[in-house]
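K.L.:
Position in the sequence shown (first residue = 1) + 112 = the numbering used here.
Derived by calculation from the structure, the hints in this document are not laboratory data.
Since this is a predicted model, take the numbers as computed values, not measurements.
Hints are supplied without guarantee of correctness; some may be wrong.
Said to hold, decoys possible - Simulated crosslink set (DSS-like; lysine-lysine; CA at most 25 Å straight-line):
no., residue 1, residue 2
1, K146, K248
2, K146, K206
3, K248, K233
4, K206, K233
5, K278, K297
6, K230, K248
7, K206, K248
8, K146, K228
9, K233, K146
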Amino acid sequence: AVTSDVEIAAIGADFKILSSFADEGSDTHSHHSKSMEETLIDWAREQTRRSHDVIISDMCESWGDGRAFCLIINNYHPELVDVSILGDAYGNVKQATTAAASLGLLPVLDPLDFHKSKLDKLSIITFVNQLYELFKEKKYPKGSLERQRSNISRTSSVLADSEEEKRRQDMIERGRLRASQRRLKKCEYRNSE
Numbered sequence: 113a114v115t116s117d118v119e120i121a122a123i124g125a126d127f128k129i130l131s132s133f134a135d136e137g138s139d140t141h142s143h144h145s146k147s148m149e150e151t152l153i154d155w156a157r158e159q160t161r162r163s164h165d166v167i168i169s170d171m172c173e174s175w176g177d178g179r180a181f182c183l184i185i186n187n188y189h190p191e192l193v194d195v196s197i198l199g200d201a202y203g204n205v206k207q208a209t210t211a212a213a214s215l216g217l218l219p220v221l222d223p224l225d226f227h228k229s230k231l232d233k234l235s236i237i238t239f240v241n242q243l244y245e246l247f248k249e250k251k252y253p254k255g256s257l258e259r260q261r262s263n264i265s266r267t268s269s270v271l272a273d274s275e276e277e278k279r280r281q282d283m284i285e286r287g288r289l290r291a292s293q294r295r296l297k298k299c300e301y302r303n304s305e
């Protein structure tokens, strides 16, 4: 079987991950420091904290719907992942892996695997580790959080405008109703004379 450069790179990334897990079990690893898996979980929790429906508690099942991958990438590159259209696991993972590939990351996840009941923990760890290595030193881009705040502010403004318009329409309708009632009373008064 012919092995592509991408497959070789993915195997190398898997080996690097496995090596770091092996190093964690050695005597040189301090029992006070976090394991790589704990570090990734903590980092992912921080990255997804703005979404109340994404809870990262492990490096397997928590990633099953693909939403966390998308949220992490969206934090740094909102132009690559549209979190407003998140849906099923396949679509979410497809969106995340396409965005990750455009950032130069290895395609270690297969969206079709996310329809299976048993997820590949090593692939998930490898992918999250790639995201971690890419983004760990970066702050959210200046525009992404400001853009979200601006969108929230704009939405609030539109809602306020719509509420104001509704109140205005109600006042107009009440005015029309009062005018109709006055005309009716005038007509009744004239008819009674």
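K.L.:
For each hint, tell me whether it holds in the structure or not.
P.N.:
Against the structure, the hints:
{"no.": "1", "hint": "K146 - K248", "in the structure": "holds, 16 Å"}
{"no.": "2", "hint": "K146 - K206", "in the structure": "violated, 31 Å"}
{"no.": "3", "hint": "K248 - K233", "in the structure": "holds, 21 Å"}
{"no.": "4", "hint": "K206 - K233", "in the structure": "holds, 17 Å"}
{"no.": "5", "hint": "K278 - K297", "in the structure": "violated, 28 Å"}
{"no.": "6", "hint": "K230 - K248", "in the structure": "violated, 28 Å"}
{"no.": "7", "hint": "K206 - K248", "in the structure": "holds, 23 Å"}
{"no.": "8", "hint": "K146 - K228", "in the structure": "violated, 30 Å"}
{"no.": "9", "hint": "K233 - K146", "in the structure": "holds, 19 Å"}
Taken one by one, the earlier hints fail for this structure at numbers 2, 5, 6 and 8, listed in ascending order.
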